[in-house]
Amino acid sequence: MGFLSYLISGISLGSIYAIIALGYTMVYGIAKMLNFAHGDVIMVGAYMSFMATAYIGWSPLASVVLAMAVCTLLGIIIERLAYKPLRNATSLAVLITAIGVSYFLQNIALLIWSSNPKSFTSIISLDSLRLFDGQLIISSVTLVTIAACIVIVYGLTMIVRYSKIGKAMRAVSEDKEAAQLMGIDVNQTISVTFAIGSGLAAVAGVLLCSAYPLLMPTVGAMPGIKAFTAAVFGGIGSIPGAMLGGILLGVIEILGKAYISTELSDAIVFSVLIIVLLVRPTGLLGKKISEKV
Amino acid sequence: MKKILKLKKDTRKNLITYGMIILAFLIVRFLSASGNISSAFRGQLVPICVYIVMAVSLNLTVGILGELSLGHAGFMSLGAFTGVIAAIILQGSVSNPLRLAIAMVLGAVIAGIAGLVVGVPALRLRGDYLAIVTLAFGEIIKNIINTLYVGIGENGFRISMVNAESLNLGERGTVIMNGPMGAVGIPKLATFASGFILIMVTLFIVLNLQNSRSGRAIMAVRDNRIAAESVGISVTRYKLMAFIISATLAGAAGALYALNFSTVVARKFDFNTSILILVFVVLGGMGNIRGSIIAATVLTVLPELLRAFNNYRMLLYAVILILVMLVSNNEQLKNMTKKFKGFFKIKRPSDLKGGTARE
Amino acid sequence: MSSRLLKTPMVPFPSRAIIPARDLDKPPILEVSRLGIDFGGLAAVDDFSIIIGRTEIAGLIGPNGAGKTTVFNLLTKVYQPSSGAILLDGKDTSGMNTVQINKAGIARTFQNIRLFSSLTVEDNVRIGLHNHLNSNVFFDIFRLPGYWKSERQAHQMTLELLSIFGMEHMIHYKAGSLPYGAQRRLEIVRALATKPKLLLLDEPAAGMNPSETEELMRNIIEIRDALGIAILLIEHDMKLVMGICEGIAVLNYGRIIAKGTAEEIQTNDEVIEAYLGEKKEA
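Residue numbers (my numbering), protein chains in the order written: chain W, 7 to 299; chain B, 340 to 698; chain X, 145 to 426.
Be careful, since some hints might not be right.
[What the hints assert, rightly or not] Here are the simulated lysine-lysine pairs, DSS-like style, with alpha carbons at most 27 Å apart:
no., chain 1, residue 1, chain 2, residue 2
1, X, 247, B, 348
2, B, 673, W, 90
3, W, 173, W, 38
4, X, 170, B, 352
5, X, 383, B, 348
6, B, 348, W, 38
Hints are computed from structural coordinates only; laboratory data are not their basis. What you are looking at is a predicted structure, and each value in this text was computed from that prediction instead of being measured.
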């Protein structure tokens with residue numbers, strides 16, 4: 007039973023990684039940049055939900071909507087102010103800017119909310135699921151997280167595959183110039199991608215803090231980096247890849263913690279990244295991208 | 340004739356950099372001897388030297404090679420703990436300066452090897468992978484060092500990942516690394532003079548490399564990878580070369596840093612430290628060695644002077660990163676700032692349309 | 145262009161195809177047979193065969209999107225061919241990468257100029273000389289005699305190479321700040337610095353005015369005569385192609401539709417239909 011219980015909490019943690027990884031993978035696929043600040047948008051989302059429920063007394067669901075709205079807006083603003091002016095700059099310059107934005111968000115949060123951890127009340131207050139005569143208990147947060155991940159991945163796949171903006175996204179990710187020539191508004195497409203990714207980050211933030219209820223300005227940094235690892239693991243640019251990578255990484259992390267060492271669990275997760283890059287740099291479901299000469 | 344002028348210009352630039360360091364060293368020495376330096380500032384001297392070396396070496400990766408490393412502190416960490424272990428093991432068997440030198444060389448070598456291990460998978464790939472892999476590497480190092488117990492006792496040199504007791508050091512044993520508590524009982528071998536020497540060695544290596552066949556190959560890879568390959572330059576080889584040299588220097592700096600304190604913990608060399616060094620490089624100008632030196636010095640000394648300002652320091656660093664990148668990479672902003680720096684204008688091609696007219 | 149050119153039948157490798165008479169007694173520098181690559185099922189280049197003589201100036205023409213630059217990318221292994229063989233100076237190049245191809249003797253320029261734009265003109269040429277300089281990273285860092293010797297040598301060779309285009313006075317300018325035409329010429333110099341046996345020029349006259357183009361034509365012939373190398377060029381300027389190319393291959397939809405001398409190409413019906421027909425200004 008122990009193993010099964012670890013496996014389920016691994017899948018649950020992995021589902022959160024997967025939702026975050028979706029944001030990375032979509033932005034990377036379309037804007038060809040690593041949005042380092044993505045992890046910190048998660049943190050902002052969690053604080054929004056926390057403030058709405060704890061200070062204003064909103065319902066959990068309303069707080070999630072607020073968090074999504076704020077993060078969506080934040081994503082668009084970050085893209086406009088910091089990344090759009092660098093559309094033609096080197097990836098090094100964009101990456102350093104993204105790190106700057108990440109640091110900026112963390113430190114603004116530090117000034118507003120201080121470094122004292124806030125205790126986040128789970129937004130999900132359903133009963134736990136008891137199986138095998140109570141030998142296996144699955145918390146409602148776990149179930150909701152996994153369900154949310156499935157719904158989001160399905161929804162995104164449908165959007166990307168069938169909607170007009172989804173087609174524009176795929177076109178821009180293939181060839182920005184050609185897409186522009188075909189009458190696609192590249193800037194708008196990139197903005198929408200950031201908006202979707204950031205909105206999802208808010209969901210991930212709320213779920214993350216529901217499962218691990220300590221809210222701090224740095225709460226998004228580590229999950230953010232791990233989710234990027236998950237995106238690379240699954241194959242950057244691929245939506246199913248982000249889900250697969252996220253869940254595998256979550257399972258590896260929890261099992262590593264349970265059976266190898268708690269202190270080394272992060273080291274294990276990051277070793278996965280290095281091994282993946284050595285063995286299969288395009289990730290599990292990724293395709294090779296070649297540069298135009 | 341032009342060649343001589345050119346050589347003179349490059350050499351002059353480098354000589355000013357060396358001269359600046361020597362002059363600063365002499366002034367501090369003089370002030371220190373005449374008792375005009377506060378003890379707080381005296382305590383900052385070795386860290387300043389260390390941060391200068393860190394900034395210059397990171398500039399080799401970021402400015403000259405054009406790849407982003409977010410784990411520079413990880414290499415520093417490896418160098419630090421290797422240096423501490425070496426210094427404690429050698430206690431009593433060699434003179435202090437030699438012990439420091441050996442500790443720094445070993446720290447450098449281990450960090451260099453780690454650079455190879457990290458660089459091989461990451462540098463074959465394009466884009467942002469090096470950044471994320473080096474970041475991961477820094478975390479891995481921090482994690483591992485936090486679980487490491489190292490000591491020397493009657494059974495010789497012992498390593499454990501369980502706890503200090505399991506080292507079985509016996510009565511007269513010394514615990515060198517105590518898991519999350521970090522390294523303890525470190526001999527304070529670092530001196531300002533040794534920091535000065537490390538800076539000079541670093542400058543010698545980086546500046547000489549920059550103005551040479553190998554350095555040009557590294558910059559060619561940065562400017563245009565495909566063109567570099569087309570003229571027969573192995574991209575991976577030169578990326579690795581720059582990255583390993585950079586890691587090696589960080590290792591030496593790490594050893595010097597650790598041997599300046601009685602205890603040191605792995606947390607000290609975390610992601611924030613890597614970012615701090617990146618801020619030095621970005622503010623000083625990517626590829627600009629002298630800029631890195633000045634930025635590292637100023638940003639290490641200033642926070643001590645402006646303690647009230649402390650809460651906003653990190654925020655300021657974030658703003659520096661964003662603004663410097665925006666201003667130096669966006670055409671419109673670039674043109675706006677150009678007006679203010681007419682003095683530093685490069686020779687324009689419009690001057691040479693007429694053929695051999697100039698001189 | 146006094147050389148007599150052999151007429152090309154539509155027979156692929158290993159026929160002698162078009163080679164200037166003076167090169168006939170020497171093995172060809174490049175023999176390509178049935179080269180092909182497809183991108184996601186679409187054949188970008190198909191069944192491409194060509195032979196180039198030791199000191200030949202050959203042209204590769206065709207409408208936009210015909211696959212000319214792709215041929216260059218295949219020859220230099222920027223793309224690995226999916227079929228066919230490339231023999232450079234009689235040696236099989238399969239399994240080689242871009243770097244090895246350059247060391248084996250092919251140098252190229254790029255359609256969209258790829259200079260090391262933040263570096264000086266001199267540095268650009270010295271980087272081209274990279275594999276012909278005897279220094280290494282230890283000599284470099286410790287400034288051992290090997291370093292100084294190689295630097296002196298590099299400077300001398302750089303000046304010699306730049307003198308081909310009379311660009312010696314520009315050595316201290318940043319490559320990225322040069323006028324367009326000078327950038328194209330610098331790219332040729334950088335390619336020559338690698339001491340190639342075969343030089344590939346991708347639209348060398350693009351963006352040049354007629355008098356610059358004429359000068360370039362003289363320069364290309366001078367380079368061939370002085371260095372005794374073969375040159376294969378892609379160009380849309382028909383005056384240049386018809387003026388200096390001894391053998392011309394015409395590419396359309398990734399396939400060679402004609403090979404021959406300038407006169408033969410100009411009178412070939414298929415070529416006129418595919419290409420010259422729509423761009424009669426040539």
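Verification of the hints:
no. : hint            : verdict
1   : X:247 <-> B:348 : 33 Å, violated
2   : B:673 <-> W:90  : 15 Å, holds
3   : W:173 <-> W:38  : 17 Å, holds
4   : X:170 <-> B:352 : 53 Å, violated
5   : X:383 <-> B:348 : 45 Å, violated
6   : B:348 <-> W:38  : 39 Å, violated
Hint compliance for this structure: hints 1, 4, 5 and 6 are not met, and every other hint is.
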